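K.L.:
Protein chains in written order, with numbering that gives the first Met the number 0: chain B, 0 to 256; chain E, 0 to 220.
Keep in mind the hints are simulated off the structure, nothing from the lab. Be careful, since some hints might not be right.
Some but not every residue of chain B turned toward chain E, in silico, with C-beta under 10 Å [claimed, not checked]:
1) Gln207
2) Ala210
3) Glu248
4) Thr252
5) Gly253
No more than 25 Å apart at the CA atoms, straight line, and that leaves these computed lysine to any residue pairs for SDA-like [as the list claims (entries may be wrong)]:
6) E:Lys211 - B:Asn244
7) B:Lys236 - E:Ala28
8) E:Lys211 - B:Thr235
9) B:Lys236 - E:Leu66
10) E:Lys211 - B:Arg243
11) E:Lys211 - B:Tyr32
Label pairs and their computed distance ranges (CB to CB) [claimed, not checked]:
12) E:Arg139 - B:Arg246: 22 to 32 Å
13) B:Asn142 - E:Lys211: 52 to 62 Å
14) B:Phe255 - E:Asp160: 47 to 57 Å
For clarity, every value in this text was computed on a predicted model and none was experimentally measured. Ideal placement from N, C-alpha and C gives every residue a C-beta, glycine not left out.
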Amino acid sequence: MEQQNVVLEVRDLRVFYGSFNALRDISMEIPRYQVTALIGPSGCGKSTFLRCFNRMNDLIAGSSVQGQVLYRGNDIYAPTVDATRIRSEIGMVFQKPNPFPKTIYENVAFGLKINGYQGNMGEAVERSLRRAALWDEVKDRLNKSAFQLSGGQQQRLCIARALAVEPEVILMDEPASALDPIATLAIEELIRELCVEVSIVIVTHNMQQAARVSDQTAFLMMGGDRAGYLVEYGDTKEMFTNPRNERTEAYITGRFS
Amino acid sequence: MARASFDIHLHHLLDELMQLGGMVEKAIATSLQALKDRDLKTSERVIKEDDFIDQKRWEMEERCLELMATQQPMAVDLRVLVTILHISVELERMGDYAEGIGKISLLMGDEPPLKPLVDIPLMAEKASDMLKGSLDALVRRDTTEALAVCNKDDEVDELYDVVYRDLIELMIQDPANVQRATYLLWVAHDLERIADRATNIAERVVFMVTGKLTELNVSKY
Ligand SMILES: Nc1ncnc2c1ncn2[C@@H]1O[C@H](COP(=O)(O)OP(=O)(O)OP(=O)(O)O)[C@@H](O)[C@H]1O
Ligand SMILES: [Mg+2]
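With these hints in hand, go ahead and build the complete structure from the sequences.
P.N.:
Below, the structure is given as structure tokens:
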């Protein structure tokens, strides 16, 4: 991959929870303005891996990270780097929609306020809600509580909240697993629209979703020591029609034991 | 195995494909025998029975679509299903060629064939072997056997050349031969097409096993 097309690069990444080695020796590149899916059995370390991309693991007591995570060529784990700043460039959306107990408007404005945004707040909020394909549904009730929204709308609100600070990357950890099929498809469509200007890394247990939504797919598995490792990484179309590795084949055809 | 029920469906589908293959094999053999024996009744029956082949092919397509919709197969499972779908179409077309030979036989009516049939039955035999070989390769997922089928296509092409030259010669010798020579040329052409479609099946088998779609033997015709 050419360097300017790589937004994140992981080199010999290892993650520990205390003495437990949760991820071992992962090296891979995340392409810019594409959707990268992480798949693999429960407990193989997908969420752990995802959290490494914006130093969310720092918030977990006892966890430690070895190796490098380069964001636009610079190691985000370097001692001089401000983790909060990284998290505003590399946002995150979680499995369960987690809007703040505030109004719809305030949810989106939140990050901008923290960053000391100087521009027109109303416009910025509208822009983010439009990008998250939520504007038409909420424009008449911006000052109502975010909890009034449906699960699918709440998730799009969380995406709007992440988008408001103009991140370069959005990490999504099973963003549609709590949603019905229609809300799920809405999120998937949104992901495809967003990846024109945002790089997206998504963890999903839904194989069809990974196939529909991503450009690249990485398959992780755990070894005998329960440490997760990267089995295969490549073009999504290739992975789902003709994977190179037989363990990938077994997993995606549901013949995994 | 987490997907036992899907595997059972897939097995059934393969069984049905083999049945369809058997029907086509029989249609080819019968159409040729009837042509040799000048048995118009049997030729007529081959033509009628092609309806069963068509029907079976439609049923198989429906089964394949059902499985795709309900099981969302991936990777090799997806390739197997798509392969079955393609092969059922190839088989159905081969059945049409057998039907075509039946129709030519009816056109020939009471007239005896222009010359004793020697190379044409040989072509039919080889084409039929190729069909059997390709289905065998499918069941065993055997790419070596699939390649052997493709190589055999050259032999059929060579025989077709011989038949073609003989018939043209007869036409030149006596223009009165043209009509009957043309009938036999059509038969030879149908057999050449059958062999060609057997190589298509073999190519599909290679695709199913390796995930790579390549033309294995470019037929002369
Ligand atoms: N905070 C933590 N403290 C200790 N161990 C943890 C912690 N978080 C995760 N682990 C362990 O690390 C391993 C990887 O967990 P992780 O949540 O990353 O897996 P996952 O692939 O996201 O699984 P799932 O698909 O179920 O969400 C597991 O063995 C898990 O028990
Ligand atoms: Mg997880």
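K.L.:
Of the hints stated earlier, which fail here?
P.N.:
7, 11
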